[in-house]
Amino acid sequence: MSAKPKIAFFDFTSCEGCQLTVIDALQTHLGLLDLVEIVQFREAMSEKGQDYQIAFIEGSCTRKSDEARLLAIREQASAVVALGACAHLGGVNSMKNRWPIENVQAYVYGQNGKDAYESYPARPISAVIKVDAVIPGCPIDRHEFLRVVQMMLQGRTPRLPDYPLCVECKLRENACLNTLGIPCLGPITRAGCEAICPSYGDGCEGCRGWHPEANFEYMREILRGHGLSDHEIDARFTMFNHYQMEQMSGHAPLSEAVAPVTDTSLPTSSFAAPKED
Amino acid sequence: MPENIKVNVHHVTRVEGHGNIVVDVRDGTLEKCELQIVETPRFFEAMLRGRPYHQASHITSRICGICAIGHATASLRATERALQVQLSEQTQLLRRLAFHGEILDSHILHVYMLVAPDFLGVGSVIPLATSHPDIVKRALHMKKFSGDLCQTIVGRHTHPIAMTVGGFTHFPTVQELVELRERAEALIADVDATVELFGTLPWPAFERETEFVALVQPDDYGFIDGKIGSSDGYELELDEYRQVTNERLAPHSTAKHAAFNRDSYMVGALARYNLKHQHLSPRAKAAAAHLGLSAPCYRPYLNSAAQVVEIVHCIDDVIQVLDTLIERGVEREDPAPVTLSPHARGVGACDVPRGILFHEYQIGEDGLIEEANCIIPTGQNLANIDRDMRALVPTILTEPEEQITLKLEMLVRAYDPCISCSTHFLNVEFTGK
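As you go down the protein sequences, you meet chains A and B in turn.
Mapping of the first sequence onto numbering that gives the first Met the number 0: position 58 corresponds to residue 57, and the numbering continues sequentially without gaps.
Mapping of the second sequence onto numbering that gives the first Met the number 0: position 187 corresponds to residue 186, and the numbering continues sequentially without gaps.
Be a bit skeptical, because a hint or two may be false.
[Stated by the list, open to error] Mimicking DSS-like on lysine-lysine, the simulated pairs with C-alpha atoms at most 25 Å apart in a straight line are:
| id | chain 1 | residue 1 | chain 2 | residue 2 |
| --- | --- | --- | --- | --- |
| 1 | A | 169 | A | 47 |
| 2 | A | 3 | B | 136 |
| 3 | B | 284 | A | 47 |
[What the hints assert, rightly or not] Quick partial rundown of chain B residues pointing at chain A, CB under 8 Å, derived from the structure:
| id | residue |
| --- | --- |
| 4 | 58 |
| 5 | 61 |
| 6 | 65 |
| 7 | 67 |
| 8 | 118 |
| 9 | 119 |
| 10 | 143 |
| 11 | 168 |
| 12 | 169 |
| 13 | 172 |
| 14 | 173 |
| 15 | 174 |
| 16 | 371 |
If you're looking for bench data, these hints aren't it; they were derived computationally from the structure.
Virtual Cβ for every residue (Gly too), placed ideally from N, Cα, C.
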């Protein structure tokens, strides 16, 4: 066999929890290091090799300067893998997209903040570059990561499950949370995490994105049955998927609660913003 | 002495997040010396506006993959204090276990995988696996325990699932706790070996007097709740946190800077050690002595040693809490009820691996968050790191540039900066040549 494939990890706007999950996966699967050579992984090592073939990218694109970096990675890599919900969907970062960017900048950094810190609406990396494979989730599931790497090393195309999370939840013999009065987005969410949140008593929040046949209206009916307002329902639909809901706004309009804010005045609260010198 | 030195470490490695170190010496004068934070801003506080209160802990745990349980805990405490929630003893014990799991996981990762390679002369933990396999195996073994502890209590370390406002959505069985108890006991040999190993490392002697800030409690080395204590003799209620943090913008950083009684202060393991070492477990006290720590300690490089001391303390405390839970049993409890009222404010604080973390929310009668603020430990440390670098650089100017760079990187790394939290971090940049 020829030289080991070289892989690299990159991070954009994210918590770096998916890369930590990769480090955790290596703890129990050190053999992976025999199959690939990691040439860049800033969080874990000082070396910075530029001759990688597979690039794993964590995080969303949230500023103009991210685009050039993404394009450069795409140029070098023969395969790009989106690692986790931020890269795959825009994730929690896209919750800020409902306000004009000047509004969120002023809220966090004060009236001068908008000039100090570059930012624009958060997007998945697929909005900027072609993505060859996705490992969904917030964070990723370490077993799925290992499976995807294995398939890519065998030259196969990893595919995501195209059925709802409920299938895996049933296989684990969990009692259905929706029937117990606990709101759960399992019926519209793509499977693949083995229903980890429902297995710990908490409803699915949709971090893996929607499955292809997701029926939002029926989901909304179920959630209304729990006594949730449309505002609360939309807050659930948009926790990880604000960008997706924006993209499909014609099909599944959002209530006022999470709909775009058109008011362009800046917030005057000093709750979060620092003192101005 | 060289007249001109430029250090430019672009994206310091082996830290969480993105930062650059920039040093500029011209004609023998230190013109510029700073840690630049180049992480992309995240805007979590702005995003929380209009969200139902029960989402806050799951949203804010996503601020940081390493301190996910810490953010979730501070968030829950802020919400619970705003909504007048009284926690059961069982909830407090389970939260304490999950929290220790995170402190252990983070400290083990930091001292073994991020700090140790500097002393053992390698670029990362990966070559260490070949050159010092026993050390790496021990670190992984300890880390596996802390991860499994988190998994048993809250589902996973990044991002915790079962912690919710007022309690938990999942409960471990006593059998699971008994197994963890056995494993924790068996881990003590690894913990002792850790103290031995770090006792042999040549910590740089650099020291600079500064103010230390940590959460304090009357008779406990506790990490959750308490008052804000300062080594300058002040003690404040959590609600007064703004007097401590005094956030302001620094042009070279996407993270906000903080200052209390002086122009900077330090938070984290060394601050906690200095303020409450008397409450450490007996074995942790012995470890501190072995590592050359004695309060007050003004040597920032020894923050990593203080983390080793906390590894010892947390394992001891995990065993004690497990004993209590095993004896009293674990019951399925519904979360404690909330009381909604107009514009209710609450501050939550906990001492996460890197220092005090504050969350503050204002929640409306409709249960929606109206205002939010999060103040992160690394943000509080940034001003202190800048001042340490400014004091250190003139003392090492005659050394080769690689040595200067390494010492600056090691200094920054000692603070265990978590830049995706404070927004991201580290590169050293030498400019001026």
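How the hints compare with the structure:
1. A/169 - A/47: Violated: residue 169 of chain A and residue 47 of chain A sit about 45 Å apart, past 25 Å.
2. A/3 - B/136: holds, 24 Å
3. B/284 - A/47: violated, 40 Å
4. 58: At about 6 Å, which falls below the 8 Å cut-off, the nearest Cβ of chain A leaves the hint on residue 58 of chain B intact, so it holds.
5. 61: holds, 5 Å
6. 65: Since chain A brings a Cβ to about 6 Å from residue 65 of chain B, closer than 8 Å, the hint holds.
7. 67: holds, 7 Å
8. 118: Hint violated; residue 118 of chain B Cβ to chain A Cβ min 14 Å, cut 8 Å.
9. 119: Constraint on residue 119 of chain B not satisfied, violated at 13 Å.
10. 143: With a minimum Cβ separation of about 6 Å from chain A (threshold 8 Å), the hint on residue 143 of chain B holds.
11. 168: Residue 168 of chain B check passes; min Cβ-Cβ to chain A is 3 Å, inside 8 Å.
12. 169: holds, 4 Å
13. 172: Since chain A brings no Cβ nearer than about 14 Å to residue 172 of chain B, farther than 8 Å, the hint is violated.
14. 173: Since the shortest Cβ distance to chain A is 18 Å, the answer is violated.
15. 174: violated, 17 Å
16. 371: holds, 6 Å
The structure is inconsistent with the numbered hints 1, 3, 8, 9, 13, 14, 15, although it conforms to all the rest.
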